[in-house]
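Q: In the order they appear, the protein sequences are chains A and B.
Residue numbers for the first sequence follow this note's numbering, beginning at 197 and rising by one.
Residue numbers for the second sequence follow this note's numbering, beginning at 197 and rising by one.
Any given hint might turn out to be false.
For chains that are exact copies, the list does not tell them apart, and a pair is met inside one copy or across any two.
Here are the simulated DSBU-like pairs of lysine-lysine, each with C-alpha atoms no more than 30 Å apart in a straight line [claimed, not checked]:
id: 1; residue 1: LYS415; residue 2: LYS357
id: 2; residue 1: LYS201; residue 2: LYS296
id: 3; residue 1: LYS495; residue 2: LYS210
id: 4; residue 1: LYS495; residue 2: LYS361
id: 5; residue 1: LYS296; residue 2: LYS535
Keep in mind that the hints were calculated from the coordinates and are not lab data.
Computed from a predicted structure; not experimentally measured.
Here are the chains, one letter per residue:
Number of protein chains: 2
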Amino acid sequence: MTTLKNDLLLRALKGEKVQRPPVWMMRQAGRYLPDYIKLRKKYDFFTRVQTPELACEITLQPIDQVGVDAAIIFSDILVIPQAMGMEVLMEEGRGPLLPKTISTQQDIDALHIDDIEDRLSYVTKALSLTKQELNGRVPLIGFAGAPWTLLCYMVEGKGSKSFDKAKQFCFTTPAFAHSLLQKITDATIHYLIAQVKAGADVIQVFDSWSGMLSPADFKIFALPYLTQIADAVSPHAPVILFPKGSWYALPDLCNTSASGLGIDWSITPQMAREFTNNSITLQGNFDPSRLLAPISEIKKSVREMIDAFGVDRYIANLGHGILPNVPVDHARAFVDAVKEYEPAPNYTTV
Amino acid sequence: MTTLKNDLLLRALKGEKVQRPPVWMMRQAGRYLPDYIKLRKKYDFFTRVQTPELACEITLQPIDQVGVDAAIIFSDILVIPQAMGMEVLMEEGRGPLLPKTISTQQDIDALHIDDIEDRLSYVTKALSLTKQELNGRVPLIGFAGAPWTLLCYMVEGKGSKSFDKAKQFCFTTPAFAHSLLQKITDATIHYLIAQVKAGADVIQVFDSWSGMLSPADFKIFALPYLTQIADAVSPHAPVILFPKGSWYALPDLCNTSASGLGIDWSITPQMAREFTNNSITLQGNFDPSRLLAPISEIKKSVREMIDAFGVDRYIANLGHGILPNVPVDHARAFVDAVKEYEPAPNYTTV
């Protein structure tokens, strides 16, 4: 095994003292990068995802071009429903579409989970190749969608402002919902452990739609499955849970086996530290739209953000994925501001 | 002036003791009601909004058919940008579209505000007519969009997942943003006071997109303008502020002149009471998707919600607008459950 030359991310997740926080950006591979846009013109979405050489190339672009402290494998959360047997259509500029949605126990029973690692071997191959190409420069992050978020797409069939079809399914047939959530959880655990074996140093679980749930419903439909995944995967690699919009869940989530929690920009660093009792590494939470501000403003806001979170137990990141219209030099300014960070003279660890 | 036969809403906003909380539903006039859908087939959106007889008829439908404790005038938050001189297109089933957006100080200077009450006289006429037709059965609620939310549409031109164009405008040209926000605020204050003079007993201000702002940005781009509106309108009628998604703003907002704060379902009643130091009437916060659950479940959840908020200083409502696909008898079950509410034997006021 190659020793990591830059292990800031791993040290932050362990809670070790660091000179400065590590920095990466959600969706850093893709969208706003001109070299990615060139590849997008040549290969369709699933070709890019399913060809290990292409996924590797895209994963490496921001390491070389923006200078982040971690790589995250280029892939998609919907590869799991697809590997379970559902058709997933992905048109450029539109959201995903799953033409045949789940509504009955029979639909759930028809989903495959036994051979999930084989069906997703293109991801593990991409990870191995990327790990080799990185040659220890920075850690490699693997990921999956959280069971609740995948249920949203599998039942609703597409993005939605309210996901009311998915919620109606949960509220009217909770036994089916739990059967589906458990099946997704089992598949996800196998998939994530396979990712670690293939070279992922850290795992992030994206619960992109958890914020649609009330605190009471989060405890029923999201928390138990996130907990199972963190418990099963954390013996293999540190796990970061990112429950977008679910600030209310931080007290519960900091008691799981996760090493880090991602947060969006709707909470102050101070409140996030308070809700997690200062006991876990936090990741976030720069408003992605703020990368459209002038560079001097970006750098100032980044410094204020680190001042507020503190240097230790902290991973600088956005509060959600980078927007497609962010200029590359603004993304670089975000990363540079973290790298240039010097604690204020009156700085004390939170 | 007619005395109100049902003044539960006003008493709840004053913090007076009540036998049970008042109940109404955001977007109760429209969408899910078959009689509304019939009118929608005959008249386009702005004909419905701008014809006082139609707006009145639509406003009264849920009073007779669902039994809510308040009427809210049928209108739209975008009537203000429209009255200020912007073109607003509203196609059924799609969101609003404002073809010419605001981007310069010149665009802002071109907006009219002097004769706003005249330009919106169709709303005040609809309120007078509805007030007369209600004949004191229940209070009448007038409303407007909050300045930040209106800026979002005026700058972005349409709905958006991130409103990054609106945010970029604020982050790169804050002086223009404040100039626009102040102009909207001035227009809104005139408009809302005119609504009260025409018969509105209560005013609600919808900040539908405030949750897109970080707590720090909320203090800059939303709070000062909400505060101005609450200060100016509250001498005329009680004001309810509804900053959707901005749970973090509750401590600041409970120190404004508002009589009530609307909350969505992403916060527990207990936390909302804690954040507002038990000092203000709260309104909400049933997940609108829960109205798709079986009726017995709806009734049970409503009882639990009232148990958690307490009977006093509370207005039962949804946490956002009712969904178009909610069966009328489910909406009625929500209202009935509040009306049938009996405190648990061990009930104590929070």
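Q: Give the relationship of LYS201 and LYS296 under a CA distance limit of 30 Å: within one copy only, between copies only, both, or neither.
A: Answer is neither; intra-copy 46 Å and inter-copy 52 Å both fail.
Q: If the cut is 30 Å between Cα atoms, do LYS296 and LYS535 qualify within a copy, between copies, both or neither?
A: neither (47 Å within a copy, 41 Å between copies)
Q: With identical chains, the pair LYS495 and LYS210 could be close in the same copy or across copies; at 30 Å between alpha carbons, which is it: within, between, both, or neither?
A: within (27 Å within a copy, 47 Å between copies)
Q: I want to check one pair: LYS415 and LYS357. Are their C-alpha atoms no more than 30 Å apart within a copy, between two copies, both, or neither?
A: both (21 Å within a copy, 26 Å between copies)
Q: Could you place LYS495 and LYS361 in one of the four classes (within, between, both, neither) given a Cα distance threshold of 30 Å?
A: Between copies only: 20 Å across chains, 42 Å inside a chain, cut-off 30 Å.
Of the numbered hints listed earlier, those contradicted by the structure are 2, 5.
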